[in-house]
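Trainee: The chain contents come next:
There are 2 protein chains.
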Amino acid sequence: MPERMVIVGGDAAGMSAGSQARRLRGPDDLEIIAFERGHFTSYSACGVPYWISGLVDGPDALIARDPETFRRKHAIDVRLRHEVTAIDLDRREVIARALDDGGRELRERFDTLVYATGAVPVAPPWEQDDIAGIFGVQTLDDGSALRAWLDAEPRPQRAVVVGGGYVGVEMAEALIRRGLAVTLVDRGPQPMSTVDPDMGAMVREALCGLGIDVRTGVSVTGVAERGGRVSAVLTGSGELPADVVVLGLGVRPNTALAERSGLPLGVTGGLRTDLRMRLVGAPGPSGDGTMGGIWAAGDCVETVHRVTGQPVHIPLGTHANKQGRVAGINIGGGYATFPGVVGTAVTKVCDLEVARTGLRERDAAQAGYAYVTATVESNNRAGYFPGAAPMTVKLIAERGTGLLLGAQIVGRSESAKRIDVLAVALWNRMTVTEMTALDLGYAPPFAPVWDPVLVAARKAADAVGAAPS
Amino acid sequence: MPERMVIVGGDAAGMSAGSQARRLRGPDDLEIIAFERGHFTSYSACGVPYWISGLVDGPDALIARDPETFRRKHAIDVRLRHEVTAIDLDRREVIARALDDGGRELRERFDTLVYATGAVPVAPPWEQDDIAGIFGVQTLDDGSALRAWLDAEPRPQRAVVVGGGYVGVEMAEALIRRGLAVTLVDRGPQPMSTVDPDMGAMVREALCGLGIDVRTGVSVTGVAERGGRVSAVLTGSGELPADVVVLGLGVRPNTALAERSGLPLGVTGGLRTDLRMRLVGAPGPSGDGTMGGIWAAGDCVETVHRVTGQPVHIPLGTHANKQGRVAGINIGGGYATFPGVVGTAVTKVCDLEVARTGLRERDAAQAGYAYVTATVESNNRAGYFPGAAPMTVKLIAERGTGLLLGAQIVGRSESAKRIDVLAVALWNRMTVTEMTALDLGYAPPFAPVWDPVLVAARKAADAVGAAPS
Chain A
1 MPERMVIVGG
11 DAAGMSAGSQ
21 ARRLRGPDDL
31 EIIAFERGHF
41 TSYSACGVPY
51 WISGLVDGPD
61 ALIARDPETF
71 RRKHAIDVRL
81 RHEVTAIDLD
91 RREVIARALD
101 DGGRELRERF
111 DTLVYATGAV
121 PVAPPWEQDD
131 IAGIFGVQTL
141 DDGSALRAWL
151 DAEPRPQRAV
161 VVGGGYVGVE
171 MAEALIRRGL
181 AVTLVDRGPQ
191 PMSTVDPDMG
201 AMVREALCGL
211 GIDVRTGVSV
221 TGVAERGGRV
231 SAVLTGSGEL
241 PADVVVLGLG
251 VRPNTALAER
261 SGLPLGVTGG
271 LRTDLRMRLV
281 GAPGPSGDGT
291 MGGIWAAGDC
301 VETVHRVTGQ
311 PVHIPLGTHA
321 NKQGRVAGIN
331 IGGGYATFPG
341 VVGTAVTKVC
351 DLEVARTGLR
361 ERDAAQAGYA
371 YVTATVESNN
381 RAGYFPGAAP
391 MTVKLIAERG
401 TGLLLGAQIV
411 GRSESAKRID
421 VLAVALWNRM
431 TVTEMTALDL
441 GYAPPFAPVW
451 DPVLVAARKA
461 ADAVGAAPS
Chain B
1 MPERMVIVGG
11 DAAGMSAGSQ
21 ARRLRGPDDL
31 EIIAFERGHF
41 TSYSACGVPY
51 WISGLVDGPD
61 ALIARDPETF
71 RRKHAIDVRL
81 RHEVTAIDLD
91 RREVIARALD
101 DGGRELRERF
111 DTLVYATGAV
121 PVAPPWEQDD
131 IAGIFGVQTL
141 DDGSALRAWL
151 DAEPRPQRAV
161 VVGGGYVGVE
171 MAEALIRRGL
181 AVTLVDRGPQ
191 PMSTVDPDMG
201 AMVREALCGL
211 GIDVRTGVSV
221 TGVAERGGRV
231 SAVLTGSGEL
241 PADVVVLGLG
251 VRPNTALAER
261 SGLPLGVTGG
271 LRTDLRMRLV
281 GAPGPSGDGT
291 MGGIWAAGDC
301 VETVHRVTGQ
311 PVHIPLGTHA
321 NKQGRVAGIN
331 IGGGYATFPG
341 VVGTAVTKVC
351 DLEVARTGLR
361 ERDAAQAGYA
371 YVTATVESNN
381 RAGYFPGAAP
391 MTVKLIAERG
401 TGLLLGAQIV
411 GRSESAKRID
421 VLAVALWNRM
431 TVTEMTALDL
441 GYAPPFAPVW
451 DPVLVAARKA
461 ADAVGAAPS
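So the protein lines, in turn, are chains A and B.
The first sequence: position 48 = 48 (the working numbering), numbered continuously.
The second sequence: position 144 = 144 (the working numbering), numbered continuously.
Derived from the structure by calculation, the hints contain no laboratory data.
Nothing here was measured: the structure is a model prediction, and the numbers come from that model.
Wrong hints could be hidden among the right ones.
Quick look at which bits of chain A chain B covers, simulated, 3 or more residues with Cβ under 8 Å [said to hold, decoys possible]:
(1) 274-280
(2) 376-386
(3) 418-424
(4) 445-452
Pairwise CB distance ranges (calculated) [unchecked claim]:
(5) A:L24 to B:T401: 19 to 29 Å
(6) B:T401 to A:V122: 43 to 53 Å
(7) A:G188 to B:G250: 47 to 57 Å
(8) A:L275 to B:G54: 47 to 57 Å
(9) B:A370 to A:L24: 17 to 27 Å
(10) A:L275 to B:R71: 52 to 62 Å
(11) B:P189 to A:G387: 27 to 37 Å
(12) B:G387 to A:A201: 27 to 37 Å
In this text, a Cβ means the ideal position worked out from N, Cα and C, and glycines have one as well.
With these hints in hand, go ahead and build the complete structure from the sequences.
Mentor: Pasting the structure below:
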């Protein structure tokens with residue numbers, strides 16, 4: 001009888017694990033069953049705002065691989081619209097409900113389990129049950145529901161987006177491109193709190209330039225409704241009329257099933273794994289500190305931040321794919337590790353590119369670092385070359401040692417992906433002084449003779465050695 | 001009496017050294033004199049092809065800082081059109097000729113000398129004296145001469161570019177954009193031999209797409225003339241009619257003065273320095289293996305390739321600027337080093353971006369490495385995102401250890417600067433297996449969920465462990 005691998009959650013992490021395991025072990029050796037609550041497998045949730053705006057066609061274009069491909073090419077028994085409701089660790093079975101079959105319950109034995117349930121939106125602190133017109137944009141199903149609402153009569157005219165993070169900012173832009181009047185509300189001093197406020201101020205400017213009404217330092221206290229439809233968002237500083245509300249309050253690991261089933265959680269609320277993505281945290285039958293045969297990957301797990309060494313929960317498709325691949329290789333009998341993250345993220349707000357990696361100022365302070373910052377404005381190309389446009393690079397480095405701690409970039413074209421240079425520098429624990437010598441590509445169409453990253457490193461290197469101000 | 005610093009060569013390296021030294025030491029402490037043979041200081045020679053094509057205005061736009069700025073803001077006594085003809089090491093004097101003053105000779109004492117004479121074009125092995133219409137494009141003065149020739153009657157119609165390296169390829173494109181019929185001749189199997197031939201084939205295709213007649217495997221044996229003007233380029237496989245010939249045969253360190261003056265050269269023919277850019281190679285008065293008070297920087301020096309540990313001569317503005325800065329900081333009393341290069345270079349051929357870092361296959365073989373290669377085609381953005389375009393990434397890694405040895409990228413927009421990620425990975429001696437985990441920026445406008453660099457690293461990691469084929 002072949003070993004049986006059961007995957008809970010059929011998106012990036014789970015299906016990467018399945019297809020990697022299959023690559024290494026045939027169906028006679030390893031049976032693979034994947035349960036997915038929704039209608040889709042392996043899709044790009046990050047693409048939803050662009051589907052809403054109309055920039056990309058959806059939902060089909062956002063699906064990397066459909067269930068039929070997994071079934072046919074990878075011999076994975078994909079079961080859509082099946083919600084796993086319990087994991088019986090003693091009997092090593094999962095219990096699932098077939099949502100399109102009256103909730104019929106079924107049990108499946110497993111030898112190997114991959115927990116890959118992703119993340120769920122952070123619920124707002126106010127009551128909103130039974131009010132129509134309030135949406136998260138976490139899944140393709142969410143995207144479908146929002147599009148249907150936007151297209152139905154009476155056509156929504158006024159949108160309020162709550163939360164100015166990546167999803168909030170991208171959705172605000174998507175909605176204004178569809179012709180709605182858009183207000184973006186955020187509690188913090190600037191939108192895009194994933195960068196420091198001085199950099200976030202440039203994002204705010206770009207949003208305002210698009211015609212978005214940006215309200216910062218504003219707390220939402222509730223929503224009002226008329227006839228069961230949302231009519232306004234209530235804030236500490238007044239009412240904002242709304243025919244549609246999009247929530248971008250962030251996400252948290254989707255661990256309800258894990259908690260119910262007695263799987264241990266880490267300090268961030270995500271599942272904790274070792275470097276090979278084996279669940280750890282409680283003595284398991286394996287005797288090695290892992291829970292024998294139980295793996296986890298994707299937005300439901302926590303990982304290590306390589307700068308601070310602390311556990312973090314950073315839900316991002318690129319991590320989910322890598323973690324799923326690592327789990328699958330290990331389950332398949334190979335060897336792979338996921339050695340943590342440095343906190344890289346990029347996004348685009350109209351023509352403005354925004355990127356970050358490592359620690360922000362507040363993170364550095366919280367981690368106990370004495371740090372210096374250096375912010376420079378430079379160009380993406382040689383100043384005389386057509387299309388040259390300004391970009392701002394900010395570096396954060398440890399005082400004294402010059403160890404790079406974090407970096408942020410805001411600029412026009414060809415800015416954001418320069419963060420990768422800084423991410424690799426962080427990964428390798430470089431100092432800003434060493435970075436001043438980096439051999440980066442130079443030609444007039446691509447960079448000034450001193451790349452903006454190098455200019456920033458020079459300024460930071462000067463600051464590192466200077467006396468504290 | 002202040003110490004006196006004399007700079008020989010007033011372009012990137014020399015003037016960077018001067019301005020950095022000045023930043024740290026005032027005119028009362030350090031007198032700075034810079035001799036420059038040509039008409040300009042601190043300009044972007046890399047911009048010359050774009051000036052020829054008309055894409056950028058020249059020559060003013062290509063000048064980073066003019067002599068007046070150096071004189072006024074940095075108190076550097078810049079002497080244009082002065083050629084240094086000898087360095088008297090015993091008397092610690094330079095002897096110069098004032099070219100615009102009948103060659104009048106003058107002597108200047110120095111305490112500190114910065115040798116920054118740059119590079120000179122490799123001369124062709126054939127006789128071309130007294131034939132008009134043959135140009136290098138090494139300096140702004142070269143660019144001026146070529147532009148004047150192109151604009152004068154009789155208007156040149158047919159151009160032959162000899163040599164398919166960066167300058168040759170960029171000049172071929174510039175000339176065809178000006179409306180000339182262009183033939184590009186190269187001895188090798190593909191143009192752009194700075195990348196492997198499989199990648200160079202894509203460059204050839206792009207050049208042909210522009211209408212350039214690309215002849216590879218062809219050796220030039222001479223030039224023909226009519227009335228003192230070039231009329232054809234002679235090759236082993238026939239005559240190529242030409243009204244203008246551009247030579248892109250590469251450059252070599254400009255060391256004639258050094259040789260005449262008894263300064264020692266390294267194995268590549270460039271001047272050899274220590275990490276602080278002090279000239280080494282012969283016992284000097286300093287007793288520490290350096291030649292006391294003699295510094296060198298820029299295209300005239302050799303440096304260390306950090307992958308092979310061997311000396312290399314890689315003339316590039318970005319290195320010249322860094323080396324000049326390092327020399328200047330040290331002369332100014334600070335501390336800085338130039339720790340070598342990894343061989344990064346980027347260029348653009350019409351819409352095609354070409355990038356490389358580290359070793360090519362032939363370099364790896366020559367250095368004695370057993371290596372594997374991995375080439376992948378991926379997209380610059382998420383496949384469904386508007387503007388997604390293909391790019392090819394090739395990695396070369398040591399068999400067994402997986403140590404990254406080199407990388408090449410050819411693609412459309414947003415391709416070339418991705419080489420920087422690989423350059424930083426090389427700098428830090430990463431393995432391709434470790435690179436599969438790198439935390440690179442992901443969002444649909446900027447990358448697929450697996451960045452092309454990561455896809456290539458995955459494929460290379462697979463190949464590293466496989467049995468030799």
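Trainee: Indicate, hint by hint, whether the structure satisfies it.
Mentor: Comparing the hints with the structure gives:
1. 274-280: violated (count 0)
2. 376-386: holds (count 4)
3. 418-424: n = 6 at 8 Å, threshold three: holds.
4. 445-452: Coverage by chain B holds here, the residue count being 6 at a Cβ distance below 8 Å.
5. A:L24 to B:T401: 19 to 29 Å: Since the Cβ atoms of L24 of chain A and T401 of chain B sit about 23 Å apart, the hinted range of 19 to 29 Å holds.
6. B:T401 to A:V122: 43 to 53 Å: The hinted range 43 to 53 Å holds for T401 of chain B and V122 of chain A, with Cβ atoms some 45 Å apart.
7. A:G188 to B:G250: 47 to 57 Å: holds, 55 Å
8. A:L275 to B:G54: 47 to 57 Å: Because 56 Å falls inside the window, the suggested range holds.
9. B:A370 to A:L24: 17 to 27 Å: 26 Å Cβ-Cβ, so the 17 to 27 Å window holds.
10. A:L275 to B:R71: 52 to 62 Å: The hint (52 to 62 Å, Cβ to Cβ) holds, given that L275 of chain A and R71 of chain B are roughly 60 Å apart.
11. B:P189 to A:G387: 27 to 37 Å: holds, 34 Å
12. B:G387 to A:A201: 27 to 37 Å: Holds, at about 28 Å.
In summary, the structure is inconsistent with hint 1 from the numbered list given earlier, while agreeing with all the others.
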